[in-house]
Amino acid sequence: MKEISCKLLVIGAGPGGYVCAIRAGQLGVDTVIVEAGRPGGTCLNVGCIPSKALIHAAEEFEKVAHMAGGKSPLGISVGAPTLDLTKAVAWKDSIVSRLNSGVAGLLKKAKVKTVHGWATFRDGKTVEVETETGTQVIRAEAVVIATGSAPVELPFLPFGGPVISSTEALALSEVPKRLAVVGGGYIGLELGIAFAKMGAEVTVVEALPRVLAQYDAELTRPVVKRLAELGIEVMLGAKAKGLSTKGDALLVETADGKNSKLAADKILVTVGRKPVTEGWGLEQIDLDMVGKFIRIDDQCRSSMRGIFAIGDVTGEPMLAHRAMAQGEMVAEVVAGQKRSWDKRAIPAVCFTDPELLTAGLSPEEAKALGGEIKIGLFPFAANGRAMTKLGEDGFVRVVARADNHLVLGIQAVGQGVSELSTAFGLALEMGARLEDIAGTIHAHPTQGEGFQEAALKALGHALHI
Amino acid sequence: MGEHIIKLPDVGEGVAEAELVEWHVKVGDLVREDTVLAAVMTDKATVEIPSPVDGEILWLGAEIGDTVAIGSPIVRLKVAGEGNVKPESSPAAETIKVEPPAKLATPKPEAATPAQKASPAAGEAKARPAPSPASPKSTTRSTVSGAPRAEGEKPLASPAIRLRAREAGIDLRQVAGSGPAGRISHEDIEAFLARGPQVARISGLARNDAVEDIKVIGLRRKIAEKMTLAKSRIPHITYVEEIDVTALEDLRAALNKEKRADRPKLTLLPFLMRAMVKSIADQPNLNALFDDEGGIIHQHGGVHIGIAAQTPSGLVVPVVKHAEARDIWECAAELNRLAEAAKSGTATRDELSGSTITITSLGAMGGVATTPVINHPEVAIIGVNKMMVRPVWDGTQFIPRKMMNLSSSFDHRVIDGWDAAVFVQRIKTLLETPALIFVD
Chain C
1 MKEISCKLLV IGAGPGGYVC AIRAGQLGVD TVIVEAGRPG GTCLNVGCIP SKALIHAAEE
61 FEKVAHMAGG KSPLGISVGA PTLDLTKAVA WKDSIVSRLN SGVAGLLKKA KVKTVHGWAT
121 FRDGKTVEVE TETGTQVIRA EAVVIATGSA PVELPFLPFG GPVISSTEAL ALSEVPKRLA
181 VVGGGYIGLE LGIAFAKMGA EVTVVEALPR VLAQYDAELT RPVVKRLAEL GIEVMLGAKA
241 KGLSTKGDAL LVETADGKNS KLAADKILVT VGRKPVTEGW GLEQIDLDMV GKFIRIDDQC
301 RSSMRGIFAI GDVTGEPMLA HRAMAQGEMV AEVVAGQKRS WDKRAIPAVC FTDPELLTAG
361 LSPEEAKALG GEIKIGLFPF AANGRAMTKL GEDGFVRVVA RADNHLVLGI QAVGQGVSEL
421 STAFGLALEM GARLEDIAGT IHAHPTQGEG FQEAALKALG HALHI
Chain G
1 MGEHIIKLPD VGEGVAEAEL VEWHVKVGDL VREDTVLAAV MTDKATVEIP SPVDGEILWL
61 GAEIGDTVAI GSPIVRLKVA GEGNVKPESS PAAETIKVEP PAKLATPKPE AATPAQKASP
121 AAGEAKARPA PSPASPKSTT RSTVSGAPRA EGEKPLASPA IRLRAREAGI DLRQVAGSGP
181 AGRISHEDIE AFLARGPQVA RISGLARNDA VEDIKVIGLR RKIAEKMTLA KSRIPHITYV
241 EEIDVTALED LRAALNKEKR ADRPKLTLLP FLMRAMVKSI ADQPNLNALF DDEGGIIHQH
301 GGVHIGIAAQ TPSGLVVPVV KHAEARDIWE CAAELNRLAE AAKSGTATRD ELSGSTITIT
361 SLGAMGGVAT TPVINHPEVA IIGVNKMMVR PVWDGTQFIP RKMMNLSSSF DHRVIDGWDA
421 AVFVQRIKTL LETPALIFVD
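These protein sequences, in sequence, are chains C and G.
Those letters in the first sequence? Residues 1 to 465, per my numbering, in order.
Those letters in the second sequence? Residues 1 to 440, per my numbering, in order.
Each hint should be verified, as a subset may be incorrect.
Stated by the list, open to error - Mimicking EDC-like on lysine to aspartate or glutamate, the simulated pairs with C-alpha atoms at most 16 Å apart in a straight line are: (1) G:278 x G:350; (2) G:154 x C:342; (3) C:338 x G:324; (4) G:154 x C:429; (5) C:338 x G:171; (6) G:154 x C:298.
What the hints assert, rightly or not - Label pairs and their computed distance ranges (CB to CB): (7) C:209 x G:153: 54 to 62 Å; (8) G:393 x C:340: 56 to 64 Å; (9) G:207 x C:317: 27 to 35 Å; (10) G:207 x C:152: 42 to 50 Å; (11) G:207 x C:91: 52 to 60 Å; (12) G:169 x C:316: 25 to 33 Å; (13) G:169 x C:279: 34 to 42 Å; (14) C:372 x G:227: 49 to 57 Å; (15) G:412 x C:340: 55 to 63 Å.
Stated by the list, open to error - Here are some chain G residues the structure puts well away from chain C; computed CB gaps all over 10 Å: (16) 25; (17) 27; (18) 158; (19) 167; (20) 228; (21) 266; (22) 292; (23) 312; (24) 339; (25) 376; (26) 392; (27) 399.
Just so you know, these hints were derived from the structure itself, not from any lab.
Glycine included, C-beta positions come from ideal geometry on N, C-alpha and C.
So that you can see chain C by itself, here it is in the shape it has in the complex (with noise of 0.2 Å):
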């Protein structure tokens, strides 16, 4: 097969990939992207897209049980609903698909080469890919590494079986009638919410004293509340410790040192997400590693001159918005243009129920900086608009300097809060005060006016609480 000679070559066609190789194209650079599966790659297809179709499916199903119950105040009652989870999962596939066709035009148009198949590197600027049709042999003037990550397997609990991860668990035909969640993270509880909603009898095995233990307890409290509520059980401090040998129960270490056994039929390993480093030839290129990750610059650039890495190879936090971020950039240098990473805030969200949403420094990151600081807190419960959504959990909260109010964090935890993620972005890379969130008029009746009451309250004169 003849070989191809182009200026820039992007390994993986995750969301750091392929908004890379699309950026480049439209900066007129020769670009060619290499993906063995689908384009979007995890976020796309066994991870954001999905987990949320079904998240949003399994949310609609629990408030119409919920009417069915009866006790719903809004005086709506129905008969009990019933869930095909086959047809959910094919509905929540076409959206997967369309958007992988929409990811497919998109290089397209921008004139980006597509490969399909495996990529090995054999130097630093020659690639060998494994197409249907054969080896095709790739040069190179720049190489961008956008392999990923991938789920943690616990050697002893392999996959396989009733033993499942994220990207299995979006591809079920039924709903588990008991579903043990080993790691109580986002991705355990987003996942284990679900399918608690749609019926499930769900238990979480956390090895830690908390669940989400990335964030604050003041922050998840009205999550933990809620998991009670949704009759989900939460193990703390208790180890998973394998398989019993029937594969009908999880077998765990209690936090008082019992053993004990959990019945599941399926059970779920959500303990976090390690990069994808092995298989596409990193031993021949001898790259600069910081602990599983490759070491990068701020211009994305690894110890090899001509070799970029992004996204989740390169380190947390792993999320599709800052691999996202760093392909563009990295296509605007590989482009001549001078440009190196100074954002100031990646902000992160958990669609859990209810949503949490953090960017910028917590109270504590932010104390630790060594200055004094403010925090302000507006609940949702004092809010027009989330009373009226049945929505009074939660709230929202701003740290800001004392000295000079600057904002550096916001976090809100809530439903829906997710959306507000843009304006919380927005005022910490614009370097906003607390005055410049507190005199921008927020719309009435919404959630969001509860970031402006939160700055108002940390200048000391919030007015609806």
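With the hints as your guide, set chain G onto chain C.
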């Protein structure tokens, strides 16, 4: 209890004023008789001022760097007994400072301009490093509400402004923000671009716009004045010649081998000094001081050779007096003694003045050629460059020889190029055939 005023004593013959270079005491200190209070510097020497009495320091009459007239009060002491002054007299009124002390109270923002470098205000800025008024950061302080950006903090600017800066090659850390909390606006960037150098920076290497004002005082000031005088008044002619010092080095090694208590170890300089003495015998016009204002050349009989020496505080020139009357070992001994005194700072004013011709040598750092600056009002200076083994063509082949250059400057107003060349050639002949140095 009474007060005792110490006036600046006469620190040298013909000296009318001296520069205060160091205070050893501060107000409130208790001092004993003979405690050193201060150091002042005259044309050449630094003199320590001891306390004549016991007492407590009440007042210091000058800032470091001030030029103080002989007889001016410099210290007031509280002493037991009557003292030497009536209590009601104001010592400040008696101060005869060359520069008005009023400047002390009002340090102006333009203190950093060269015109005011010598003012006491600038001296104060150096002693207690304060934010320089010229730095961009401080100009924003008045307009910022809340604390300004501290060192090492991320600059506060929107993504659009960061992009603008990136494309213009500006490091935003260098830009002062005029907005709230020090936020950088588009106007701030444009102002910075209009003001700053237009060269795009290579990222990673930070530009340093700091300016430190260092007051030129003491020896450094003397050197500066002297060099200005020499270079602005004397049209220099510099002549460089190479000397084959192989024979001289052999002789020197042989002489040094035979150790005798009365004979110090010889360096190359005593040979050069003796060679100069012999050359000056033929050309006495090289050993002279030129009073250009009076239009008189003082041609000296005695050859007083100044030896430029680097000391921890700067360049000084101890003088070997009457080299014509000293043999090679006496020259060496005197040289050693003076070098020691200059290094330890104990050389007297006498030992540091009165030269009629000068040698400058940087030893191993001597380089290939230099352009020595004449020690005004002398008319000649001999510069010694580094000795090194160089290949020399002897007519049939290259042979390794120990070679050394002499770079010598002359006052072209009174020394013609021809005379300069003859002088150096004579020294060359003497050094290349060192036996001639010992033949009278």
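Verification of the supplied hints:
no.: 1; hint: G:278 x G:350; result: 25 Å, violated
no.: 2; hint: G:154 x C:342; result: 10 Å, holds
no.: 3; hint: C:338 x G:324; result: 71 Å, violated
no.: 4; hint: G:154 x C:429; result: 12 Å, holds
no.: 5; hint: C:338 x G:171; result: 12 Å, holds
no.: 6; hint: G:154 x C:298; result: 15 Å, holds
no.: 7; hint: C:209 x G:153: 54 to 62 Å; result: 35 Å, violated
no.: 8; hint: G:393 x C:340: 56 to 64 Å; result: 59 Å, holds
no.: 9; hint: G:207 x C:317: 27 to 35 Å; result: 33 Å, holds
no.: 10; hint: G:207 x C:152: 42 to 50 Å; result: 46 Å, holds
no.: 11; hint: G:207 x C:91: 52 to 60 Å; result: 58 Å, holds
no.: 12; hint: G:169 x C:316: 25 to 33 Å; result: 31 Å, holds
no.: 13; hint: G:169 x C:279: 34 to 42 Å; result: 41 Å, holds
no.: 14; hint: C:372 x G:227: 49 to 57 Å; result: 55 Å, holds
no.: 15; hint: G:412 x C:340: 55 to 63 Å; result: 58 Å, holds
no.: 16; hint: 25; result: 41 Å, holds
no.: 17; hint: 27; result: 38 Å, holds
no.: 18; hint: 158; result: 5 Å, violated
no.: 19; hint: 167; result: 6 Å, violated
no.: 20; hint: 228; result: 46 Å, holds
no.: 21; hint: 266; result: 59 Å, holds
no.: 22; hint: 292; result: 59 Å, holds
no.: 23; hint: 312; result: 41 Å, holds
no.: 24; hint: 339; result: 54 Å, holds
no.: 25; hint: 376; result: 54 Å, holds
no.: 26; hint: 392; result: 50 Å, holds
no.: 27; hint: 399; result: 51 Å, holds
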